[in-house]
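S.K.: If you want the building blocks of each chain, they are given just below.
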Amino acid sequence: MTTPDAKDKGVLYLGIDLGTSRTSVAASNGVRETVASYVGYAKDPVALKKLGKETLYGDEAIANRLSLKLYRPLAHGVIQADSDPEGNMRAATDLIKEIIRRARPKADELVYAVIGAPAQASIKNKQAILDAARSTVNSVMLCSEPFSVAYGLDMLDDVLVVDIGAGTTDMCRMHGTMPEDSDQITNTFAGDHVDSRLAELIKSTCQGADFSKEMVKAIKEKHASVLDEMPRALVKLPVMGKPTEFDITEQVKAACRSIVPPIVDGIQQLVASFDPEFQERLKGRVLLAGGGSQIKGLDHEVERQMHERLGSGRVIRIEEPVYGGANGALKLAHDMPAEYWEQLK
Amino acid sequence: MVDYGAVRFEGDDGGLFGPAEIEHFLRTEHERARRYKYPVVCSVLAIDRLDQLQDLYGYEARETIVKSVVRVVRAAMRDSDLLGRLAGDRLLVLWSHTNKETGALLAKRLLAAVKRQSFDLDGRMLKVTASVGVSHNGAEDAHSFDTLVAVAEEGLLVAQKAGGDRHVETELYRLHEARRRGAEAVPAPMPAAPVASAPAPRARPSLSDELVERDLKIELLERRVAKLMAMLDVSEEELRRVRSARQVDVGVPSIYREVQGLSADAAQHERKREMMRSIFEANLALRAKAKEGDAGA
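Chains Z and F are the protein sequences, given in the same order. Residue 280 in the working numbering sits at position 280 of the first sequence, with consecutive numbering throughout. Residue 48 in the working numbering sits at position 48 of the second sequence, with consecutive numbering throughout.
These are computed hints drawn from the structure, not numbers from a lab. Be a bit skeptical, because a hint or two may be false.
What the hints assert, rightly or not - Here are the simulated SDA-like cross-link-like pairs (lysine to any residue), alpha carbons at most 20 Å apart as the crow flies:
#, chain 1, residue 1, chain 2, residue 2
1, F, Lys291, Z, Ser67
2, Z, Lys345, F, Ala282
3, F, Lys67, F, Lys115
4, F, Lys291, Z, Ile123
5, Z, Lys49, F, Ser244
6, Z, Lys236, Z, Asp195
7, Z, Lys124, F, Lys115
8, Z, Lys345, F, Ala290
9, F, Lys272, Z, Ile123
10, Z, Lys345, F, Ala285
11, F, Lys272, Z, Pro337
12, F, Lys272, Z, Pro179
13, Z, Lys345, F, Ser244
14, Z, Lys345, F, Lys289
15, Z, Lys345, F, Ser278
16, Z, Lys345, F, Leu284
17, F, Lys289, Z, Ser122
18, Z, Lys97, F, Val252
19, Z, Lys124, F, Glu281
20, F, Lys291, Z, Lys97
21, Z, Lys345, F, Lys115
Computed from a predicted structure; not experimentally measured.
The shape of chain Z in the complex, shown without the other chains:
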């Protein structure tokens, strides 16, 4: 039998939340890091000389994107395969390497990682994530993202986790056993959907305003709210090169609210197909997680619509939306018996 001390000796456990927008890691040495899921490679020798390094990550990559071939290697929570699959695979591998480097493993440590993947990712997608990670870690496992959130909070019974990422919203009901496919729903009404909806609304209402995807994302991150009485969202956007102020409060609210009905649809579907005896309990334990859960008032709005459509509901926002998935994955990694890690090496 492996003693706990022997199990832990020289092993660094990692929980990784590989997200479309942000990739986060929580490590057993106490390190927690998050990086925007962007990887950029210097376009040419001039760019390389200016930047001083070939590969940039996260916000640094976004800031220098004009000098870079920029990749956002994940779409809908999985590695993009539609355009430039090789480039995206390389970028995903480098992103995983980078996030593991930021966890600061010691040179002589074994690295065991659990990576959260979208609940309904295909086998091919899961395989691609494993391939990207395998070159950097000694042993790696995948688990469903919403499950890892629930596991991290020790809420394994009659809980419905709604993990709102950038690419996907994963919903998963927990009932004391490993969730099966029928316990999980994934849709694409998530952060990126809010961005594109907001871009459409700004374009149609702010005459002549010029903006990029990154600008819209920044506006959303600053003002996102579904509250009736939300603070005014005043932004300056260039019109023919001149910064011009626009009030886009209603546009932000409408864009953010656009993800609520699909979320409540998913919740309704999972509740309705659950054991009728426990449906009330499940409705009373809905957890909001992921970066998208930071939209102000979202918990109350989902709760309000649940009351309208399901008669009752109680929604709780988890304390650490950015690290919820990574924390849970780390807990899983550490709780996993050593022999399982050995077999998957």
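Let chain Z serve as the given structure and place chain F on it in line with the hints.
M.R.: Relative to chain Z, chain F alone:
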């Protein structure tokens, strides 16, 4: 005699002893300790770079920091210990019935407690560190409380010169005791210039000459220490630069086993074990399918 400088009464921030009081109490306590043969430890604490902080944030900020540190020190003291505020906002504590080892431990605790404090100055959260000089009456030459304070002050100086956030005990009790006696002794008259051409036997140097010579030696040694410290700083900086240039990271040792882990008495242990097995089997199946795919290709 110890120079207390402009020691102030601190009536409104917790009643620190003033100059005459603290000197009286210290002498009395030291004498009592000598007579009844119990150990005492003397600590002189100063907040690192306090003058620079005052330049940046003003006098009120300085007072806020000092008062907060006084509270920290007070919290670590027993009722029988004595606290005074010396010139330059240094704090002097006499710990009764405390030996050398406990004194070092107390100094460490004080430094850690000061470090835990944070101050909101002009919207910026600021943390401060302190330095402590320590002395004790168990040393062979710690005959007077002046010596005790002088050794503690010297320790403080060395700690500050070494970068602060540390405690130092210099153990130079004999030197300070000699200095104190030399200062008390009447200076010897200057000897007449030698007139004989033949080399005269070298006269025994007077006590004041010895002291001057020792002072010079000390100054020289202090300069060398300062120079070595500066060289050490430069070397450490260079090492950091090389590490970052070569992207060498020594890493952080894992601490997790001390704070978490699935043990047999963990909540829902059996159920979690079952879940672990399910995740493992799903990953095993995934790998098998990948291998099949590779073989097919």
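S.K.: Take the hints in turn and mark each one as holding or not.
M.R.: For each hint, the structure was consulted:
1. F:Lys291 <-> Z:Ser67: Measuring from Cα to Cα gives roughly 39 Å; hence the hint is violated.
2. Z:Lys345 <-> F:Ala282: 15 Å, holds
3. F:Lys67 <-> F:Lys115: Holds: F:Lys67 and F:Lys115 sit about 14 Å apart, inside 20 Å.
4. F:Lys291 <-> Z:Ile123: It holds: about 12 Å lies between the C-alpha atoms, which stays within 20 Å.
5. Z:Lys49 <-> F:Ser244: Holds, at about 18 Å.
6. Z:Lys236 <-> Z:Asp195: At roughly 17 Å apart (the allowed maximum being 20 Å), Z:Asp195 and Z:Lys236 satisfy the hint.
7. Z:Lys124 <-> F:Lys115: 52 Å, violated
8. Z:Lys345 <-> F:Ala290: 15 Å, holds
9. F:Lys272 <-> Z:Ile123: Distance of about 24 Å is beyond 20 Å: violated.
10. Z:Lys345 <-> F:Ala285: Distance ~14 Å between Z:Lys345 and F:Ala285 Cα, so the pair holds.
11. F:Lys272 <-> Z:Pro337: Within the cut-off at roughly 11 Å; holds.
12. F:Lys272 <-> Z:Pro179: 13 Å, holds
13. Z:Lys345 <-> F:Ser244: 31 Å, violated
14. Z:Lys345 <-> F:Lys289: At roughly 16 Å apart (the allowed maximum being 20 Å), F:Lys289 and Z:Lys345 satisfy the hint.
15. Z:Lys345 <-> F:Ser278: Status holds; Cα separation ~17 Å.
16. Z:Lys345 <-> F:Leu284: 11 Å, holds
17. F:Lys289 <-> Z:Ser122: This hinted pair holds, its Cα atoms lying about 12 Å apart.
18. Z:Lys97 <-> F:Val252: 17 Å, holds
19. Z:Lys124 <-> F:Glu281: The hint holds at about 17 Å.
20. F:Lys291 <-> Z:Lys97: 24 Å, violated
21. Z:Lys345 <-> F:Lys115: Given pair Z:Lys345, F:Lys115 is violated - Cα atoms ~44 Å apart, limit 20 Å.
In the structure shown, a violation is registered for the earlier hints numbered 1, 7, 9, 13, 20 and 21, in ascending order.
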